[in-house]
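Student: Based on these hints, arrange chain B on the given structure of chain A.
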Amino acid sequence: MTLDMASIPLTVLVLVGVGSPALLLALLGLASLLNRPLPERWTGRLAGSSMMIACAAFLMAFVVYGVTASGTRLLSYGAWSASRAGGIAIEFLVDRLSLTFAALATAIAGVVSAFSNRYLHREAGYNRYFVLFAIFVTGMLLVALAGNVAVLFIGWELVGLSSALLVAFFQERPAAVSNAFRVVSVYRISDAAMLSAAVLLRHVAGTDSLSLLFGGAAPTTGLTATNGTMIAILLIIAVACKSALLPFSSWLPRAMEGPTPSSAVYYGSLSIHAGCFLLLRAAPLLEQAPAARFLAGGLGLATALFAGITTRVQSDVKSSLAYASLTQVGIIIAEIAVGWYTLAFIHLAGHACFRLLQFLSAPNVLHDLHGLENAIDDASPIGGHLKFVRSDRARRQLYLIALERGFLDTILERFVVEPFTRMAGLMTRLDQWLCDAVLPARLRYTVDRGDQDD
Amino acid sequence: MTDPRLWLAGLMLLPALVLGASYLPIDIEQLRRLAVASAIAMVLAALTIALSPPLRNFSIRASVLTWISGGEALIRIDTISSALLPFAAGLWLLTVAVTPRAALDGPGLRRTALATLLTVGSFLTESAVVLLLLSVASVWTFLSALADPAHRYQRRVVAAYLGASTLLFAVGVVLLVSPGAQGTRIETVAMWLIVVAALVRKGIVPFHAWVPEVFDHGRLGPAILFNAPQVGAYITVVLIVPRASPEMLRTIAVLALGTAVYGAALALVQRSARRACGYLFMSQSALVMAGLDCTSVTALAGGLLVWLSAGLGFAGLARCVLVLEARRGRLDLTSYHGGYDRMPLLAISFLAMGLACTGFPATLGFIGQELLVDGAVDVFPVMGFAVVVASALTGLAVLRMYFSLFCGRSDVQVHPSLRLGPRPREAWTFVALVAVLIGLGLAPRPLVDSRFHASEEILRLRQERTLASRSSARSVSIRAGTRASDPSRTGTTTSNPAWVLDR
Numbered sequence: 000m001t002l003d004m005a006s007i008p009l010t011v012l013v014l015v016g017v018g019s020p021a022l023l024l025a026l027l028g029l030a031s032l033l034n035r036p037l038p039e040r041w042t043g044r045l046a047g048s049s050m051m052i053a054c055a056a057f058l059m060a061f062v063v064y065g066v067t068a069s070g071t072r073l074l075s076y077g078a079w080s081a082s083r084a085g086g087i088a089i090e091f092l093v094d095r096l097s098l099t100f101a102a103l104a105t106a107i108a109g110v111v112s113a114f115s116n117r118y119l120h121r122e123a124g125y126n127r128y129f130v131l132f133a134i135f136v137t138g139m140l141l142v143a144l145a146g147n148v149a150v151l152f153i154g155w156e157l158v159g160l161s162s163a164l165l166v167a168f169f170q171e172r173p174a175a176v177s178n179a180f181r182v183v184s185v186y187r188i189s190d191a192a193m194l195s196a197a198v199l200l201r202h203v204a205g206t207d208s209l210s211l212l213f214g215g216a217a218p219t220t221g222l223t224a225t226n227g228t229m230i231a232i233l234l235i236i237a238v239a240c241k242s243a244l245l246p247f248s249s250w251l252p253r254a255m256e257g258p259t260p261s262s263a264v265y266y267g268s269l270s271i272h273a274g275c276f277l278l279l280r281a282a283p284l285l286e287q288a289p290a291a292r293f294l295a296g297g298l299g300l301a302t303a304l305f306a307g308i309t310t311r312v313q314s315d316v317k318s319s320l321a322y323a324s325l326t327q328v329g330i331i332i333a334e335i336a337v338g339w340y341t342l343a344f345i346h347l348a349g350h351a352c353f354r355l356l357q358f359l360s361a362p363n364v365l366h367d368l369h370g371l372e373n374a375i376d377d378a379s380p381i382g383g384h385l386k387f388v389r390s391d392r393a394r395r396q397l398y399l400i401a402l403e404r405g406f407l408d409t410i411l412e413r414f415v416v417e418p419f420t421r422m423a424g425l426m427t428r429l430d431q432w433l434c435d436a437v438l439p440a441r442l443r444y445t446v447d448r449g450d451q452d453d
Numbered sequence: 000m001t002d003p004r005l006w007l008a009g010l011m012l013l014p015a016l017v018l019g020a021s022y023l024p025i026d027i028e029q030l031r032r033l034a035v036a037s038a039i040a041m042v043l044a045a046l047t048i049a050l051s052p053p054l055r056n057f058s059i060r061a062s063v064l065t066w067i068s069g070g071e072a073l074i075r076i077d078t079i080s081s082a083l084l085p086f087a088a089g090l091w092l093l094t095v096a097v098t099p100r101a102a103l104d105g106p107g108l109r110r111t112a113l114a115t116l117l118t119v120g121s122f123l124t125e126s127a128v129v130l131l132l133l134s135v136a137s138v139w140t141f142l143s144a145l146a147d148p149a150h151r152y153q154r155r156v157v158a159a160y161l162g163a164s165t166l167l168f169a170v171g172v173v174l175l176v177s178p179g180a181q182g183t184r185i186e187t188v189a190m191w192l193i194v195v196a197a198l199v200r201k202g203i204v205p206f207h208a209w210v211p212e213v214f215d216h217g218r219l220g221p222a223i224l225f226n227a228p229q230v231g232a233y234i235t236v237v238l239i240v241p242r243a244s245p246e247m248l249r250t251i252a253v254l255a256l257g258t259a260v261y262g263a264a265l266a267l268v269q270r271s272a273r274r275a276c277g278y279l280f281m282s283q284s285a286l287v288m289a290g291l292d293c294t295s296v297t298a299l300a301g302g303l304l305v306w307l308s309a310g311l312g313f314a315g316l317a318r319c320v321l322v323l324e325a326r327r328g329r330l331d332l333t334s335y336h337g338g339y340d341r342m343p344l345l346a347i348s349f350l351a352m353g354l355a356c357t358g359f360p361a362t363l364g365f366i367g368q369e370l371l372v373d374g375a376v377d378v379f380p381v382m383g384f385a386v387v388v389a390s391a392l393t394g395l396a397v398l399r400m401y402f403s404l405f406c407g408r409s410d411v412q413v414h415p416s417l418r419l420g421p422r423p424r425e426a427w428t429f430v431a432l433v434a435v436l437i438g439l440g441l442a443p444r445p446l447v448d449s450r451f452h453a454s455e456e457i458l459r460l461r462q463e464r465t466l467a468s469r470s471s472a473r474s475v476s477i478r479a480g481t482r483a484s485d486p487s488r489t490g491t492t493t494s495n496p497a498w499v500l501d502r
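Chains A and B, in that order, give the protein sequences. Note that numbering that gives the first Met the number 0 has the first sequence beginning at 0, numbered continuously upward. Note that numbering that gives the first Met the number 0 has the second sequence beginning at 0, numbered continuously upward.
Next up, chain A with everything else stripped away, as it sits in the complex (with noise of 0.2 Å):
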């Protein structure tokens, strides 16, 4: 660990916040894999002290910083795979922006977490969820907070598996559980395209370090216009994913299976803002990168469009805030890109404190209306709660595609999940030729083939 004098209560102040949610998962985790869950009272009481002490944390850590530091500063907690060139080093990028955010996220986790004690009460998946949750929180901070590209897609994987597993959290419904199955596949593309901007960045300016895109330090000789176009449109694929902007919305409202604080948490304010977050941290890349800045304005406007009209035709309360989560995610994104930071900062948010509450409310208004979920509009003719577009015509198919939620999960079937499937099936089948080709004729078909156990 390489510290100097100033930097020592800013380090720590960082470990706590980041260690204290990845204590509460080691605690959490350990006590299911030995199938002995701790009773829901101390696992609640174990979460709300997590957050509340990362938060403090983080709080503290700002105010530090503050008066210590200005810049980017990159905290090394020193070598991790290896004690040698060519391992994994944690290393954390330290600014007001990261801080806020890091801060921002445990104060929201810890508002989750309280309420997820009292609405998951004697719930049987409870101690699951709240060991999903702890990945959750550890991955989001580790996002936030990420030195290098190790840390921060050790955090993108973590927050991805943890939303997975959270929309399948019924898991006794299998809605719920081929709902997950779509969501970790778009997910998956984030990931590969996240990584794929990590070996790119590797392989043409030699590091991994993010002080380089994010810290907006001088770029090396190996960065050259080109290579970081393409760095930073593979870095708007992995956030166009995570975020669901169009084309991959189409797991937005699938998502809304898992239980609702997870929904909140996830799919209100935080995971669904991590791609900002970290379109906002790769400023400085997309400063010097107009085309990929153009593609990320394109679609943030794009996705608003289409998830604004869409939120307006959703008979679900869930679906119907998601999109409306998604429309204000692809404002945001289109702020970034015009280069309005601040603004896109402070309207990230409000967006997360303000989708949060709504989110968290949903089932208390559900409850006191008596049945608004699945009756919205119903006396209201085709296309009634689009009257805006004055063309009948025009507003009948804009209905039609809003409904249909844009036609994206057909896209997807008929041009990806299809030509994949057939293509995966007839190599099945070359590769039972090529056990046939190897043998005689006359024992090809002639024997049975053992299903036996072991």
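Mixed in with the good hints, there may be bad ones.
Unchecked claim - Here are the in silico distance ranges between beta carbons for each label pair: (1) B/G328 - A/P418: 25 to 35 Å; (2) A/A224 - B/P445: 39 to 49 Å; (3) A/V364 - B/P380: 48 to 58 Å; (4) A/P418 - B/A61: 52 to 62 Å; (5) A/S390 - B/R408: 24 to 34 Å; (6) A/T225 - B/S409: 48 to 58 Å; (7) A/P418 - B/V253: 19 to 29 Å; (8) A/T409 - B/E28: 51 to 61 Å.
Because the hints were derived from the structure by calculation, they are not lab data. Idealized CB from N, CA, C, for every residue including glycine.
Tutor: Leaving out everything else, chain B in the frame of chain A:
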């Protein structure tokens, strides 16, 4: 107790003890208990060897089986083999501890002990002839596991593929160790034969068809034990990497990368859990091969790590499938089987081992794949992207299997009074394996450092062999009156060496 020979004898004696006991008329559960105790003792002994520097520098060299100058180490313990010994012992422990009672029999335990003995023997030698003999014996052991009439088709497929592989290996070894072969075209031919043999043994496309077939319709237990240690990778490390030309290594790496993506893509769409396991194994095993043939210190260290993590993770995952099959029969991935609430430990273990197998963060597999990508980027940039795609697809395949096998609601309702969860013996074994994979993922430094040393050792050997080959080729050329510096004549490329000592 610092004499390595004593430790080695003890190590080999333990499976031999079980082998002998299997011929005695004792109860099968007693024999299993003996096997479990022996396997635990073997793991501890192997760990002691791996962790004690004085025990790690031992070799018995001889020129009896080769004309290669300086002879070869018939038995040796070094940085390369020291981590493989606990790995092989761990696989044996996993096998004997979690094999379902219904599938347990004396001949099975005997084969398991024999296969472990052969694997450990292989990991302890660098002699091509000894490796060949052990390889023949292990193929014969595997074929004997498919001896019943129900598996006649699979036995013949395996016999055709692995028989051809063994034959090529034998011819290659004979040519390699023959007098005057070093630095000549004979060595090049021998190397190509050995390369093809290793590719078949590892299930690399286009020599792969036997792997999914034997996993799907053959016997899964023996298939896991035969494939998980990846003796083909060891042959690559010991025989191929030190001698092969850069073109040869590049060919293997390209084929291996193709296999990694191909296997991962096909694992994702399979209907049968067993077949999906087969493709998953192909993909992971190919990643190891790609790393080993990349020839940068970091990538090679990554390949050696993925070898351990994918081997353990995959064996655990496939064993979970077997444990599930003992409760539910053959598993189909097109429907949901449910059961998380009845067997949460098995579900968690399955997911953790599957994720470790695919290189998920906080597991040993992640460190291995990171090093693999990191090291390969400079030498072979395409490899980095191929590993990314393969990793994304295998991760999806594992999650699909998890969702299908443990989530949803099964059509077949099992009476609540029936206990479906793993037995304590199975549970502790799975928990221990998950703890090892996650523990080494969180605190990987000692193991990673040792793999770096091993990869440096392999590349140093390659450097020495390249130089020896050059001087030998020069003397042959001088004798033949040709220009020694013409690589096309000697069959070896000496300029632009493929190894990169570090970035």
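Student: Assuming the hint says 19 to 29 Å, is it satisfied by the Cβ distance from A/P418 to B/V253 or not?
Tutor: Once the Cβ atoms are compared, 24 Å apart, the range 19 to 29 Å for B/V253 and A/P418 holds.
Student: So does A/S390 sit 24 to 34 Å from B/R408, Cβ to Cβ?
Tutor: Between A/S390 and B/R408, where Cβ atoms are some 47 Å apart, the hint is violated.
Student: Can the suggested window of 39 to 49 Å be confirmed for the beta-carbon pair A/A224 and B/P445?
Tutor: holds (43 Å)
Student: Is it true that the C-beta distance of A/T409 to B/E28 lies inside 51 to 61 Å, as the hint says?
Tutor: Once the Cβ atoms are compared, 56 Å apart, the range 51 to 61 Å for B/E28 and A/T409 holds.
Student: Lying within 52 to 62 Å: is that true of the beta-carbon distance A/P418 to B/A61?
Tutor: holds (57 Å)
Student: I want to verify a distance hint. Is the separation of the beta carbons of B/G328 and A/P418 within 25 to 35 Å?
Tutor: Between B/G328 and A/P418, where Cβ atoms are some 33 Å apart, the hint holds.
Student: Taking the Cβ atom of A/T225 and the Cβ atom of B/S409, is their distance within the range 48 to 58 Å?
Tutor: holds (53 Å)
Student: Verify the CB-CB distance for A/V364 and B/P380 against the hinted window 48 to 58 Å.
Tutor: holds (54 Å)
Violated hint: 5 only; the structure is consistent with all others.
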